[in-house]
Amino acid sequence: MLHKAWRAVLAMLCIGVAALALAACGDSDDDSGTAASTAPAETQAADTQAAAPSEEGEGGLGEEAVTDYVAYVGGTAGPADKNLEPIVIGWVNQEGGQEEIGAAATQGADLAVKVLNDKLGGIDGHPVKLKKCFIRDAEEEGTTCAQELVNDPKVKAIVMGGVAIGIESFYSTVAGKKPVITGVATTPVDGAQENAVVLFGDATHVLGPFGTYARDVLGAKTAALVYPNISGVTQGAEALYKGLTDAGLEVKRVGYSQGQTDLIGPLTAAGAQTADIIVPYSDASGCVNQAKALQQLGIKDAKKIVSAPLCLNPMVSEGLGGDYPIWTYAIASSLFGDPTDPGMKPYMELTEEYGVEAAPDPWVIVSFATVLTTAKFIAESGGADATPEQILETAKAFTGPVALGAPSLECGKYPDAPAICNDQAQFFTYNGKNDFQKAAGWTQPPK
Amino acid sequence: MREILLFALLGLGSGALIAGIAVAIVLMYRGSGIINLATGGISMLSGYCFWSLREGEIASMGTVPALLVTLVFTLLVGVAMELVAFRPLRNAAPLAKLVASLGVLLIAQASMLLAFGSTQKPQPSILPSDVVTIFDVNVPVDRFILVGIIIAITIGLVALYRYTRFGLATRAASENEVSALLAGLSANQLSMVNTVLAALVAGSIGVLAASVTQLDTVSLPLQVVPALAAALLARLTSFAIACAAGIGIGIINSLIDYLSTQSWWPTDHGVPMPGTKELLAFLIIVAAMFLRGARLPSRGELVEQRLPEVPKATKILQPAIILTIVCAVALVVLPYDFRQALINSMIGTVMALSLVVITGFVGQISVVQLALAGVAGFTVSHMAVDFGIEFPLAPIIGAAVAVLFGAAIGVSALRVRGVSLAVVTLGAAVAISNFGFVNRTWGGGDTGSPVPQPEIFGIDLGTEAGFRGIDGNLPSPVFGWMVLVVTVLLCMFVASLRRGSFGQRMLAVRSNERASAAAAIDVRHVKLVAFSVSAFIAGVAGTLYAYNFGSVSADRFGPVTALALIAFAYAGGITLVSGAIFAGLISTQALLPHMLDKWLGIEGNWFLLFGGVILIFTLLQHPEGVAGAFYKSREQRRARRAAAAPPAPPAASSGRPVATVGVDS
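The listed protein sequences derive, respectively, from chains A and B. In the numbering used here, each residue carries its 1-based index in the first sequence increased by 860. In the numbering used here, each residue carries its 1-based index in the second sequence increased by 490.
Don't read these hints as lab results, they were simulated from the structure. A portion of the hints provided could be inaccurate.
[Stated by the list, open to error] Heads up, simulated SDA-like pairs for lysine to any residue below, C-alpha to C-alpha not over 20 Å straight-line: (1) A/K1102 to B/H759; (2) A/K1037 to B/V622; (3) A/K1160 to B/P612; (4) A/K1160 to B/D626; (5) B/K1122 to B/A1132; (6) A/K1037 to B/I1092; (7) A/K1293 to A/Q1155; (8) A/K992 to B/N963; (9) A/K1037 to B/D950; (10) A/K1014 to B/P825; (11) A/K1112 to B/P756; (12) A/K992 to B/G1094; (13) A/K1112 to B/T751; (14) A/K1037 to B/G952; (15) A/K1102 to B/N929; (16) A/K992 to B/D1087; (17) A/K1112 to B/D626; (18) A/K991 to A/K1037; (19) A/K1037 to B/L769; (20) A/K1112 to B/W754; (21) A/K1112 to B/G952; (22) A/K1160 to B/V631; (23) A/K1293 to B/D827; (24) A/K1102 to B/G760; (25) A/K1014 to B/N963; (26) A/K1037 to B/E954; (27) A/K1160 to B/V622; (28) A/K1112 to B/D1087; (29) A/K1037 to B/V621; (30) A/K1037 to B/G962; (31) A/K1081 to B/S753; (32) B/K1088 to A/C993; (33) A/K992 to B/I1092; (34) A/K1102 to B/W755; (35) A/K1160 to B/V621; (36) A/K991 to A/D1012; (37) A/K1160 to B/T623; (38) A/K1014 to B/G962.
Note that the structure is predicted; figures quoted are calculated from it, not measured.
Given the sequences, and given the hints that come with them, work out the whole structure.
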C-alpha cells in the first residue's frame, strides 16, 4: 500500500517535475532530463469476491448447461502435444488507452488457452496460442490490428474482446479473410458483418427482452429511457424503445450530449421520477453519472431501474466507490456464483485453480467462453487443416447451448444483422456487495 | 411555463460547472493573454488530488486538510504551468500559446492515466446531498449551492479587478502592456498571479462539482468546449457575462432535454435528433460574433506577435522527384506495418497541408479542418452506399462538399479572426461531429459507413490490390502509390501557391488586413479562396482516410483529435510544406509513433505523456516548428559560408528571398 501511495504521490508531482525539467531544458542546450517519473498504473479489477446470486427464480440452463469442457470442445482430457505446431487464434481487445471497455477480457482469453493446453488436449492435439493485438485509442489501430492478424497465415480465426474504437476499419480490412468470433459486441457494426459470429449478443439485439421483462415481471405501463448520443448507443436506445413499445409501454426518451455530466435534467425530462421502469442506457463511461443522478433524485428501487450489462464494469464499480450500481441487469451470459446455473461451477473451479483475479468480471466469463467455443469450431472444422470458410460455416451452424451463455443460438435470425446469434437475456437484480438475485431467466424479446 | 421554470432550475448544476471553467478561462486570458485549453484539465487534477487524499489512495485525510493540500497542489500546478509553458511564450503567436496549453492538457491527462488508470474514481462530494421538492419534482439542493458559489466567486473577481490596485494593474496590462510597463507594472508578475488565481478557480470547480460530474481524465477536460463558448460571448473580458453565459448554456441544454420529449421534436430514425444542443451553441456563437463583430480586444503586447516565417521554396520539382522515388520504393520494400505507417504519414501530411494554407499562409486559426475531412469521407461513403457512385467521382464530390462547408465557414471568418476564430471553428467542429457524423441519416449509418475499394478502368487502386510488395502482405503498395501521387501533387501545389501572386496576397492579409485592403487587395476574396482551398485539401485527406480504412468513423474526425492535429502541425512547422511532412510523420500511427512503439515500447498513455512534453519542449526551443528550425539552421550555415567565401558577383550573392510576414491575430 505504501508503495502504491508513493507511486501516486510521484504521479501527482509528475507534472511539476516534468515542467521543471523542461524549464531547465529551455534555459540550456541540454536535451535530456525530461523523463517523467510516473509508474504505469495497475488496472484495478472489480471487487473479486464471488458474486452470490440467490436461488430464487428459474436459473441457468439446467441439464443443458455446458459442464464438460472436454466434450464441449471435442478434445481429449489431458495436455496438448507440445511437439505439434501450435494453432494460433487472433485476439483483439481495446486496452491501454483512455477508455477500456473490457479491460479484464484478456484474462479470460488467457485462461481459456491455458485450460485448452493443460486439460482439454488443445485443438486436435495441437497446442493453442493467442496472437494478441490491442487497440488503444485510434481508428488507425483497427486497420493495423486487422492487417497483423490477416497477414499471419497461422492465425485460424480472430476472437474479439470489448472493442468499439477502430471497429469499422478493423472489419473493412479483415473483409472476410478470417472468421471473426465475438462474445459480446459493443457496437452494431459487428452484428452487420457477413463473416462474423456474435455468440452472446450485441448492444442492440439483447435489449429487446427489456420490454418482456417490464411487461411480464414488473407489470409496467410507463418507461423512462435515458442515453448519451454516441454512435452505437443511439441504435441501442432505438432497440430498447422498440422492445418497450412492442410490449405496450408508453416510453419517454431523452438523449443527452456526450459531454453532459449532470443528468438530473434528462432523467426528469424522461419522467424517471414517476415511471414504472427506468432504463439508463450507456456504455461504461456514462454509467457513473447515471447512477449518481438517480441516487440524487432519490430513485432507488433496484427492481425498476433496469440496465444493460455494460455498466457491470470495473470502471463503473471503481467510480462509485467499489460497487456496481444497485440496479437490475439484463445479462446475456452466465453470472459468476449463480447457484442455479450448473455451467458456472466448472468455470469457478478453474478460475480458482488458475488464480484468475478478475474471475467475476462478465468480460472474463464471456471471453473465456468465446475462445473455448472458437477452439470447438476449429476442431470441428478439421483442426490444423481447418480453412476460414469451414470455421465460419461451423460457427454459423452452431445452435447452442454455448458455454456460459444462452441455451440456444440462431445465427442469421436478423437479416440486417447476420452475425447475431442470440437475442435472449437473463435478468438479475443487484442488491450490492456482490449479491445478485435472479429476477427472470432467459427471456425473449416481446412477440 | 411550469416545466420551463423547472427545467431551467435543473440546468443550474451543469451551468455552474461550465460557468466556473469559463470564468477561469477569462481570468487566465486577462492576466496572460492565453486561451488555456487545459482549464478543465486543471479542474481534473484538483479533483484527483482531493480524491486521492480523502479516499486513501495517498492518504486518508479529513475534508478540510484534504482541501487545503489540494489548494496548495493546485497553486503549484498554476505556478509550474506559468513558469514552464506560458511565460517563455509570452511573445509568441497566439497559436503557439494555444498549442502550449494543449501540451499541458496532454501531460495532465497522461499523468493521471498512468498514475491511477483509466477507471473513474469515486470523488467525494463536499456539498450537502439533500433534496428539495419543486413543482412536485425532487431537485438536489447542491445544484443551488454550487451555482451560488460560482456567482460569489464571480462577484469577488469583479470586485477584485474593479476596486483593488492589483485588479487595476491587471486591467492596465491587459489593455496595453507597454504603457503598463512604463508605469512600473511587471507584466510577468501580474501574469503569474492571474494564472495562479485561474488555477485556483478551476481547481475549486474540480472539487466542488463532484456531484454533477464524474472523476476521470475526459469529463472535466471536455467541459472546456462549452466554457470557451461562454468565455467568447464575454469577449474573454467580462467575468459577469462569462458566468451568466455559462449558466445560460446549462439552462438551454436542460430545456432542450425537456423539449426533445415533445412529439413535434425532429427525430432521426425514431430517436430525438442528436447534436441539436451543439448546433444551437454554434449558431449562438456565430450570431453573437456577427452582431458584436470584430475581434477580441487587443492586449497591446510588448512585442508584436507573429506566426513563424514563411520562406519561399526555391526548388519544388527536384525534392518532389526525390521524395516520390524514395517513398515509391519504400512502399514496396518495407514490411507491411511500416508500409501502413508510411501511408498514414502521407495522409497526415495532406491533412496538415490544409492547415499550412489556412493558418500558416493566411493566419486564420481553424480547428474545423479535420471535421471538413470527415464531411468528405462520409460523402464518399454515402455516394457509394446510397447512390452507387464510386471512385473517381465520389472523392471529387466529397472534396467539393468539403469546399462548400469550408467556404461557409470562411464567410463567418470575414468578421472573426485570431483566437476567436479558433473558438468559433472549434464550435463548428463540435457541431459537425455531433449533429452531422453521429446522425444516422447523413452521418454514420446503423452499421458503419463502408467505403468500397477505389477502382478505375477495372484496376484496383485500393489497399487490397493484387500487388502486395516484397512481403506479399496487406496493404497493397498500389494504394500507397496512389496516396503518394496525391500527396506529392498537393505538396507541390501548396509550395507553388506560396510562390505565386495569390500567395503574396495571402501573406499580406496575414500580416495586416487593413494595410492589405489599402494596397487594393480584396481581403474577403483572399480569405474565402484560402478557406476553400484548405477545405479542398482537407476534403482530399478525408477521402484518403476513407479509402485507407475502408470505412468512415465519427471518432476519427472528432474535435479533440482536431486539436491534436493542430498541435502536430504547429510542432512540425505550420508555415512550411516540409513542416506538414514532419507533422505527417508524427501523426497517429504514422512512422515515428510506430517506430517508438515497435522499438522502444512507447505507446498508449506513455506516448500521450511523451507527446505533451515534446510538444512544449518544441515550442520552447523551436517556436517556428521542427521544419522551421531546420530551415533556419540551414540558412545560418549558408550565411556563414557566404561570409567566409570570397566576394561574389551581386547576382550570385542575392540569397534566397525570405518572407518575414507576421500576423496580428
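Hint-by-hint comparison with the structure:
About 12 Å separates the Cα atoms of A/K1102 and B/H759, which keeps this hinted pair within 20 Å; it holds. Pair hint A/K1037 plus B/V622 does not hold up; C-alpha atoms about 60 Å apart against a cutoff of 20 Å. Taking the CA atoms of A/K1160 and B/P612, the gap is about 19 Å. The hint holds against a cut of 20 Å. For the hint linking A/K1160 to B/D626, the alpha-carbon distance of about 18 Å falls within 20 Å, and the restraint holds.
A hinted pair counts as satisfied when its Cα atoms are at most 20 Å apart, and B/K1122 with B/A1132 qualifies at roughly 15 Å. Taken as a hint, the A/K1037 and B/I1092 pair is broken in the structure, with Cα atoms around 31 Å apart against an allowance of 20 Å. Restraint check: the Cα-Cα separation between A/K1293 and A/Q1155 comes to about 17 Å, which is no more than 20 Å; the hinted pair holds. Proposed proximity of A/K992 and B/N963 is supported: the alpha carbons are some 18 Å apart, at most 20 Å.
Between A/K1037 and B/D950, the direct Cα distance comes to roughly 18 Å. Compliance with the 20 Å bound is thereby established for this hinted pair. Between A/K1014 and B/P825, the direct Cα distance comes to roughly 18 Å. Compliance with the 20 Å bound is thereby established for this hinted pair. At most 20 Å may separate the alpha-carbon atoms for a hinted pair to count; A/K1112 and B/P756 meet this at roughly 15 Å. For the given pair, A/K992 sits about 16 Å from B/G1094 by alpha-carbon distance, which is consistent with the 20 Å threshold.
Only pairs whose Cα atoms come within 20 Å are accepted, and A/K1112 paired with B/T751 is accepted, the gap being roughly 6 Å. At roughly 16 Å between alpha-carbon atoms, A/K1037 and B/G952 fall within 20 Å of each other, so this suggested pair holds. For the hint pairing A/K1102 with B/N929, the CA-to-CA distance comes to about 19 Å; that is within 20 Å, so the pair holds. Taking the CA atoms of A/K992 and B/D1087, the gap is about 15 Å. The hint holds against a cut of 20 Å.
For the suggested pair A/K1112 and B/D626, the alpha carbons sit about 18 Å apart, so the restraint of at most 20 Å is met. A threshold of 20 Å between alpha carbons decides the hint, and for A/K991 with A/K1037 the separation of about 16 Å falls inside it, so the pair holds. Distance restraint check for A/K1037 and B/L769: the Cα-Cα separation of roughly 41 Å exceeds the 20 Å cut-off, and the hinted pair is therefore not satisfied. For the given pair, A/K1112 sits about 13 Å from B/W754 by alpha-carbon distance, which is consistent with the 20 Å threshold.
Simply put, A/K1112 and B/G952 have alpha-carbon atoms about 46 Å apart, too far for the 20 Å limit, and the pair is violated. Between the alpha carbons of A/K1160 and B/V631 the distance comes to roughly 18 Å, so the proposed pair stays at or under 20 Å and holds. Annotation: proposed proximity of A/K1293 to B/D827 is violated, straight-line Cα distance about 46 Å (limit 20 Å). For the suggested pair A/K1102 and B/G760, the alpha carbons sit about 9 Å apart, so the restraint of at most 20 Å is met.
A threshold of 20 Å between alpha carbons decides the hint, and for A/K1014 with B/N963 the separation of about 14 Å falls inside it, so the pair holds. Restraint check for A/K1037 and B/E954: satisfied, since their Cα atoms lie roughly 11 Å apart, inside the 20 Å limit. Straight-line distance between C-alpha atoms of A/K1160 and B/V622 comes to about 17 Å, which keeps the hinted pair within the 20 Å bound. Restraint check for A/K1112 and B/D1087: not satisfied, since their Cα atoms lie roughly 48 Å apart, outside the 20 Å limit.
For the hint linking A/K1037 to B/V621, the alpha-carbon distance of about 57 Å lies beyond 20 Å, and the restraint is violated. About 15 Å separates the Cα atoms of A/K1037 and B/G962, which keeps this hinted pair within 20 Å; it holds. This hinted pair checks out: A/K1081 and B/S753 have alpha carbons roughly 19 Å apart, not beyond 20 Å. Proximity of B/K1088 to A/C993 is assessed by CA-CA distance (about 13 Å); at most 20 Å being required, the pair is judged to hold.
Proposed proximity of A/K992 and B/I1092 is supported: the alpha carbons are some 17 Å apart, at most 20 Å. For the hint pairing A/K1102 with B/W755, the CA-to-CA distance comes to about 18 Å; that is within 20 Å, so the pair holds. Our distance criterion of 20 Å between C-alpha atoms is met by A/K1160 and B/V621, whose separation comes to about 14 Å. This hinted pair checks out: A/K991 and A/D1012 have alpha carbons roughly 10 Å apart, not beyond 20 Å.
Pair hint A/K1160 plus B/T623 holds up; C-alpha atoms about 17 Å apart against a cutoff of 20 Å. For the proposed pair A/K1014 and B/G962, the alpha carbon gap of about 15 Å is at most 20 Å, so the pair holds.
Taken one by one, the earlier hints fail for this structure at numbers 2, 6, 19, 21, 23, 28, 29, listed in ascending order.
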